[in-house]
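Chemist: Residue-level listing of the chains:
Number of protein chains: 2
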Amino acid sequence: MTEFLIYTIIADFSARDFVFIISTVIQFARCSEMSRKILIIGGVALGPKAASRAKRLDPTAEITLIDQDSVISYGGCGIPYYVSGDVAEAEGLRSTSFHSLRDADYFAREKGFAVRTGTRALKIDRQKKELLVKDLNSGKDELLPYDKLVLATGSTPFVPPIPGADADGIFSVSDIHKAVAIKSRLSQGRVGRAVVLGGGAIGLEMAEAMADLWEVETTVVEMMDQILPRLIDKNISLMAQRHLEEKGVTVYTSERAASFLVEDGKVTGVKTDKRTIEADLVILSVGVRPNTQLARDAGLAIGSFGGIVVNKRMQTSDPNIYAGGDCVEMPDLVSGGSSFAPMGSLANRQGRVIGSNLAGKPETFDGMIGSFIIKLFDSCVSKTGLSLESAKAQGFDALAAFVVQADKAHFYPDSSMLYMQMVVEKGTQRVLGVQGLGPNSSSLLARVAAVAAILKYKPTVQDIANLEFPYAPPYAAAMDIINVLANTAQNILEGRNRVINQDEFIERFTNREENNTLFVDVRAPAQGEPLVEKYGPHWLNIPNNQLRERMDELPAGREIVLVCNAGSRAYDAMCILQSSNKNTVNLQGGIGGLKKAGIIL
Amino acid sequence: MTEFLIYTIIADFSARDFVFIISTVIQFARCSEMSRKILIIGGVALGPKAASRAKRLDPTAEITLIDQDSVISYGGCGIPYYVSGDVAEAEGLRSTSFHSLRDADYFAREKGFAVRTGTRALKIDRQKKELLVKDLNSGKDELLPYDKLVLATGSTPFVPPIPGADADGIFSVSDIHKAVAIKSRLSQGRVGRAVVLGGGAIGLEMAEAMADLWEVETTVVEMMDQILPRLIDKNISLMAQRHLEEKGVTVYTSERAASFLVEDGKVTGVKTDKRTIEADLVILSVGVRPNTQLARDAGLAIGSFGGIVVNKRMQTSDPNIYAGGDCVEMPDLVSGGSSFAPMGSLANRQGRVIGSNLAGKPETFDGMIGSFIIKLFDSCVSKTGLSLESAKAQGFDALAAFVVQADKAHFYPDSSMLYMQMVVEKGTQRVLGVQGLGPNSSSLLARVAAVAAILKYKPTVQDIANLEFPYAPPYAAAMDIINVLANTAQNILEGRNRVINQDEFIERFTNREENNTLFVDVRAPAQGEPLVEKYGPHWLNIPNNQLRERMDELPAGREIVLVCNAGSRAYDAMCILQSSNKNTVNLQGGIGGLKKAGIIL
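Which chain is which? The protein sequence lines are P and A, in order. Counting with our numbering, you get residues 215 to 815 for the letters of the first sequence. Counting with our numbering, you get residues 215 to 815 for the letters of the second sequence.
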């Protein structure tokens, strides 16, 4: 290779980045005539991607990828779908879209780099640029020289220190071998009852996999007071939980496993701080920890989340060593802090950036936004950016707007309801995130993806209010929910829409006698009257189209909770009552939102 | 109303905007104690939205909306779905999601403004701030005073000057009355054969409506050389056309209607420059023209696209007159020029901005991005930003990357292929637009919406390469097509992936003897061998996993077209051959892309 290019970085970059770029170009120029040795540790997602990209850009590079496992390059996120039977064979997760098995031979022949499986990395000598490895088959140690090293060491599921955790039948979902073992038990009919410890993404996907096709009586036990903690807010998680329960999955939150019941070395149940649950199989999914021992031993910088620290070019504190995927932490572009986000998609994108840099083409990965999506039976839950809880935890003075609206034009048949929440910062009106629950289709994804794309530009509610979401009746509303969320947030931020959330509604409803709270239902009599009959003096039905003339029926002073089916007519009512100086609040998401969370008045 | 707020505009604004804001705040302060008269002309989409918003913000405003029609506030974009039968009754398009009919009474009672239907605006007196109107029922003229006026006059379908265009049975889809008349003929079984003139969005939606439920033998005649001209590029439109044809719709492009055949005043057919097509019904859908006569007569500025000129606050050249929706033109935030985009979704969003400004709350609508989506039987076509053709027409030195990839993880069952194209500017690597064809679900929408959101920030391919599209196997790929499009575009822009498009492939394939072109098929023998048998010395099958050792079989000098099923393995092959100095090009989208466009080798 006798030519090299000086690439122009379009994005903003600091003086420090500039030094990196120039030094890399010079370095690339210097060594472009010689073959460069690139060593990659870890072959699941990021490793093969980085190796393939580097080799495409620089065919002269000598690249070796090592992995302690016998199997590499598989879609780890697909494990629940292999267990469920959606993916018939484990090989499906290891094959390309054109049905080639991604093994060592494939990478050698098609991608041009060497793979050594069954090879464990023991120690990095950064001075000599050598990696000590052990061949797990022969037991022999060997020193591998490198010019550039990549740490793609991934993460390991956390095993909670609970007595009996080593019993037969207790699995974490750490790799494809575990997946095969779990599915084998299911398909042999050995599992009648299962407990999943941890209501995060993998736990819930595994719960669905077992309960759906295999009809296993499945219980999820989550220590926090909601499922999908730290990912989505409690109001949305409650809707997801109701859906799981409708589908036959038992969910216990705010509950902790105390010990495992074991007979003859085999698990028979889980004892929690509240009950005992029988189980033939237990899935541990209480989080993962970045694999950083190798990096720590080599003296590389480790961050506050326990992940390896990398710069935008994915270089560790040693510029000859790159790292990415589950073993690193990285900037959170929304909060401005750091974050640990073990996601296959991030690993793939980072892998490509590392591959470019390995080949001397400077590229950057600026950080993460926090996008997430999960299928739960017939529902989908997704979010991007910050939840209200995490925004507050990170010091934002934030609030949430909650909107219920169809995913198509409301007159178009077969539409489904979306239950979405937008998190915004007070004062700046900046949008920090969006989340929601919708049908098992891409309609929620479409709204969340649009906000995911825009978040790094620090948009305000006005930006999302006018976001040009593609419109035709079969796919969206003319004023789509994503725009309505921003409009609603703006009305709340500017004090026109004084909302209460479901918790606040329940508190008011429960204490309605003491506080003499009046609930004014502005829906049509067919909807409102039954509740008037039930709750007498505390529930009044004045449809919006009578409100202007019946305003005087409303008491002054007494707090009035306006309710409708989704929250928008109640907002209209609040505007109508604006000049009357009534003390009104509006239940966000209305009765429809309550119902979806399982709250029936 | 004794209070008013000074709102802070977060977005960038010019000194001119600042003067507007200050002047509006002062003006608002001045007149906040008195009732203000707001007059709105036009009641389909923008008018009612602006009126409702203004009244919510300022309950003291006196608002009157006039419309010459008897029916207002309907989802005009829903007309094809009313005609198709998806929406059973025309009232469905005029009702809220909670089944209230949006008539004059509804707006008076629920939204607090007056509606006068059957009232035509004749003349604006800007000096006296009066509008001359005619009551179409009584025939009487009347002068209506205003403080602020809103022009929401919409657009009118263009009727081409073709002999016989006034015959019975020829309809444009201009309003709900026409829709009722068309559906009435269909439901009475009076239509066996229909011709749609114009292959734009409305024409194709109407073609589907008639062909699908009503089983009408339908022919679309389009003057340009593709359907959906100016919206999407020809390669994608060809795929859409094939799908329409599969569904039984006949499509003629590059064909012009010359005259209508008429018997006893009724249309019986269409004579084009190429043939005669029998028809009981003809739909004219060859575009719309903004209704600007009133504005022109009043001396308001009209732009180069024939639409009323407005500033970011949607004020015309007279600051007391606002305009929006189909009658205005506005900045194109991608091209930097102007555009005319008659879309119900834009009208709704602009209506809210106008409503805010009417109530003294400064808000802006910066311009349009150019988002579009359409359902075509089992397919969906969507785009945002510029097509390659329109980018070039507007002076951009642009190219397109075309990618075929599944909408879910490739191992996940029931995925559908997405055929997508990204338009990028050379040099800056700026992304100008994205478009594609996919299944009739929201999966294409999700990708297009993400790019629609980001376009106004002038993203580069690197921004989209790392766009954090939410990932789980049932909804996306770990390296999603939206990222792959950006990666592919970057590889093309930087000269690593030398692509040819389908046209260029066909030209090379047709002239393979003369030019001695060699096609190297890098797929497995099962796919490649049949074409070797068919095209002998011009078609060679060397699967990628044999390419490194069989490189010498490839001739030097002779042009080699690398082909695989989607274009990605052929790119790998090009990289493998990089050092061998072979003269290679890669068919974008591969054989799979060709097949979707109806091209079978």
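FYI, nobody ran anything at the bench for these hints, they're computed from the structure. Careful: at least some of the hints might be erroneous.
As the list makes no split between identical chains, a pair holds if one copy fits it or if it spans any two.
As the list claims (entries may be wrong) - The calculated BS3-like cross-link candidates involving lysine-lysine, where the alpha carbons are at most 27 Å apart (straight line), are:
no.: 1; residue 1: Lys342; residue 2: Lys461
no.: 2; residue 1: Lys640; residue 2: Lys526
no.: 3; residue 1: Lys672; residue 2: Lys526
no.: 4; residue 1: Lys488; residue 2: Lys748
no.: 5; residue 1: Lys461; residue 2: Lys485
no.: 6; residue 1: Lys672; residue 2: Lys606
no.: 7; residue 1: Lys480; residue 2: Lys342
no.: 8; residue 1: Lys809; residue 2: Lys485
no.: 9; residue 1: Lys488; residue 2: Lys606
no.: 10; residue 1: Lys480; residue 2: Lys392
Chemist: Go through the copies and call it for Lys672 and Lys526: within, between, both or neither, with a Cα cutoff of 27 Å.
Modeler: both (19 Å within a copy, 21 Å between copies)
Chemist: Checking Lys809 and Lys485: alpha-carbon separation at most 27 Å within a copy, between copies, both or neither?
Modeler: neither (32 Å within a copy, 58 Å between copies)
Chemist: Using 27 Å as the alpha carbon limit, work out where Lys480 and Lys392 are close: within a copy, between copies, both or neither.
Modeler: within (16 Å within a copy, 73 Å between copies)
Chemist: Measure nothing new, just compare the shortest in-copy and cross-copy C-alpha distances for Lys488 and Lys606 to 27 Å and report within, between, both or neither.
Modeler: Neither, since 30 Å and 68 Å both go past 27 Å.
Chemist: For Lys480 vs Lys342, is the C-alpha pair at or below 27 Å within one copy, between two copies, both, or neither?
Modeler: neither (48 Å within a copy, 91 Å between copies)
Chemist: Should Lys488 paired with Lys748 be assigned to within, between, both, or neither, using CA atoms and 27 Å as the limit?
Modeler: Neither. Shortest intra-copy (35 Å) and inter-copy (72 Å) distances fail the 27 Å Cα cut-off.
Chemist: Between the shortest in-copy and the shortest cross-copy C-alpha distance, which are at most 27 Å for Lys672 and Lys606: within, between, both, or neither?
Modeler: Answer is within; shortest intra-copy Cα gap is 17 Å, inter-copy 31 Å.
Chemist: Measure nothing new, just compare the shortest in-copy and cross-copy C-alpha distances for Lys342 and Lys461 to 27 Å and report within, between, both or neither.
Modeler: Neither, since 58 Å and 67 Å both go past 27 Å.
Chemist: Given identical chains, is Lys461 near Lys485, meaning Cα to Cα at most 27 Å, within a copy, between copies, both, or neither?
Modeler: This pair counts as within: shortest intra-copy Cα distance 24 Å, inter-copy 60 Å.
Chemist: Between the shortest in-copy and the shortest cross-copy C-alpha distance, which are at most 27 Å for Lys640 and Lys526: within, between, both, or neither?
Modeler: Result: close only across copies, 25 Å inter versus 30 Å intra.
The structure is inconsistent with the numbered hints 1, 4, 7, 8 and 9, although it conforms to all the rest.
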